[in-house]
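Starting from the known structure of chain A, fit chain B onto it as the hints suggest.
Protein chains: 2
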Amino acid sequence: MNRLLDDLRIVEISAFIAAPLGGMTMAQMGAEVIRIDPIGGGLDFARWPVAKNGASLYWAGLNKAKRSAALALDKPEGRELARALVAAPGPGAGILLTNLPPLRGLDFASLKAARADAIVLRLLGNRDGSAAVDYTVNAASGFPLVTGSGGAPVNHVLPAWDIAAGLYLATGLLAAERHRSRTGEGQEVTAALADVMLATVANLGYVGDVQVNGHARPAIGNDLYGSFGRDFATADGRRVMVIALTPRQWRALGEATGLAERLAMIGPMMGVDLDTEAGRYEARDAIAALVARWCAGRTLDEVRQAFAGTGVLWGQFQDFRRLVEDDPRCSEANPLFATVDQPGIGRYLTPGMPLDFGASPRLPPRPAPLLGEHTDAVLAEVLGLASAEIGRLHDAGVVAGPNGR
Amino acid sequence: MNRLLDDLRIVEISAFIAAPLGGMTMAQMGAEVIRIDPIGGGLDFARWPVAKNGASLYWAGLNKAKRSAALALDKPEGRELARALVAAPGPGAGILLTNLPPLRGLDFASLKAARADAIVLRLLGNRDGSAAVDYTVNAASGFPLVTGSGGAPVNHVLPAWDIAAGLYLATGLLAAERHRSRTGEGQEVTAALADVMLATVANLGYVGDVQVNGHARPAIGNDLYGSFGRDFATADGRRVMVIALTPRQWRALGEATGLAERLAMIGPMMGVDLDTEAGRYEARDAIAALVARWCAGRTLDEVRQAFAGTGVLWGQFQDFRRLVEDDPRCSEANPLFATVDQPGIGRYLTPGMPLDFGASPRLPPRPAPLLGEHTDAVLAEVLGLASAEIGRLHDAGVVAGPNGR
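If you read the protein sequences in the order shown, they are chains A and B. For the first sequence, my numbering begins at 9 and goes up steadily by one. For the second sequence, my numbering begins at 9 and goes up steadily by one.
The following block holds chain A by itself, in its conformation from the complex (with noise of 0.2 Å):
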């Protein structure tokens, strides 16, 4: 958290991670991101990892620092309430954010009928308006069928598609007030799923390859592609990833593996140049097979002590508990992280943004709302109703607090 933004209200209405994640990138820089969805949640209320207690811990992680507003969409006079929140007055207001088909009074002529320098931020599947997810799109994307060993496609875990995009989002929110705040012009911005994939694919030179080279990167494990990189096994059943990507990194790992001698044995054996990148690459089987018996003849912290202040590049893989329970990085001695009360589901370590400015001194993470948790505060803070009117509102079912009441 910080205080870069605290002059801008952005309305969310969203599901899942891409949209989320933008608005509370936007939060976290202390924005007001008020999130606004349906009675009893939206599509994404109930989403794995959830608690013991059927409460989702990955809605808290990615509504963090927001506040949430529960309003019945499937009415006129609920749409109607979402309308007035996005148009609402002040200059850093009138923001919609959203990644679900637009309700009546919500697309952006209405919006901009109601508010002439309205901002929407828009998140598509595709640009035609289909669906598409994180994992339709990474099916599509060339990625699954050259991770792992190939043959058959493996699909990442880590929605990388939907991170892309709801980064994207943030950017194209921050650059749309940007262009506002210097013209006074407010615009929709677009952004398809299937538009982030495919940029990102050929940004890295993937379709290049195919157009140029004729050649499409094969599936090679876990190997770098072009340079040297593996996973190794430790004597204590652990698994470490070796890298030398620059010179200094490669001749670090022969000067700390004491290898250096026979690695250098490699470059004639093989006939390549070993200085080079593509000739390390050209060679990586050879140079494996003599990290992989350093490695296999050493116990992880063995490893960890050989290269310590050497230069080498390399990292353990550990899973999730280890991650939580052993990284120090996962911590609070990182100021990343505090330990939070998520009402409804309890203590834990929090991240707040990962970035640090230095003129807005970071403040501590914020939980989640609870769904509804700030209905109330916002009808009458931004749209001045009366307690009267909002108690009308509640006995009609048009909006709705905490825990649904």
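Think of the hints as simulated: they come from the structure by calculation, not from any bench. Any given hint could turn out to be false.
Only pairs whose alpha carbons sit at most 25 Å apart, straight line, appear in this in silico SDA-like list of lysine to any residue [to be verified]:
1) A:Lys120 to A:Gly137
2) A:Lys83 to A:Gly49
3) A:Lys120 to B:Ala367
4) A:Lys60 to B:Ala224
5) B:Lys60 to A:Lys120
Only chain B this time, still in chain A's reference frame:
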């Protein structure tokens, strides 16, 4: 490309993916981004994939729409030119984006001495300044050990942490520039690649899962965690991903396959409520047994026809070659792309920014520069150097133009 940020100038001293992607995102929204490299190119200048002449498709992909200046950063005079380029006057200038260890005179304090409102975005590996790259951060994240079927770690091929970090940098840059335009205050913004990973793992609920539930998400192959989704083989040897996240998608799957009645038998058989995501996850093997037999009896085209217009959420797996050659989204039919002549490589499909801004029409994507292509222009335009002085700098080996001349 668009012109949203055409009053900004950003100097980038970078290598690899994250910082170059952050800078390219600014360039694709119209900012003048001057990438400074050592004469001969930086650490990423030959990264794979490469064209047959050795030119890097990867480097070209991540530096589109930038200007390139080649300076002898190992010489005081070269570093002084770099510093002068960062500190040059102008309300939208004075911004450095970097992921490399600070060169003398290019740390934040020195830049601030040269320009009081300087903004520096600095990507670290770990917060303490120690080295970490996508491969090592990923090993620590927990994801490789739950990717695929479990047991041995499986690395992602998409450098997802780098991509997220690059987009966080873009977001941070715009937030810092917004702050400066309102207050006159510059700042240093730092991000650690490891913190991007840690925040993301926690945002998705996996840290809370360990701390609150004492549970770590297991490896489940290509299955969707906590709902129904799996990959299936078709009669013609292709594979498809079939998903039922929402109630509507679940109904559509039953209707489109004609399996609704059989699927309904699974609820009582397994003792679960198939109207819940958790119930469908619990019964996923039984559901998959029916869907697998259905898919195995149909070619990909027949699956496509059966699902068309039904609301079933599905996608085909395809490799990079099929993506480029067969997928209409990866072609000039998609406004994201144009065929661009990339100097030194050739003509191929090149993406622009995966966001469409209503207030700033999409312009054709621009290629990456040749290394040093804009050295002379930048020295003249930004620093006002006369051609005789630029000639002297060439003769002294302090600067170089395209192809090292």
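Right, here's what the structure says about each hint:
About 21 Å separates the Cα atoms of Lys120 (chain A) and Gly137 (chain A), which keeps this hinted pair within 25 Å; it holds. For the given pair, Lys83 (chain A) sits about 15 Å from Gly49 (chain A) by alpha-carbon distance, which is consistent with the 25 Å threshold. A C-alpha spacing of about 13 Å is found between Lys120 (chain A) and Ala367 (chain B), which places the hinted pair at or below 25 Å, so the restraint holds. With a C-alpha separation of about 14 Å, the suggested pairing of Lys60 (chain A) with Ala224 (chain B) holds against the 25 Å cut-off.
A distance of roughly 51 Å separates the Cα atoms of Lys60 (chain B) and Lys120 (chain A); the hinted pair therefore is violated under the 25 Å criterion.
Violated hint: 5 only; the structure is consistent with all others.
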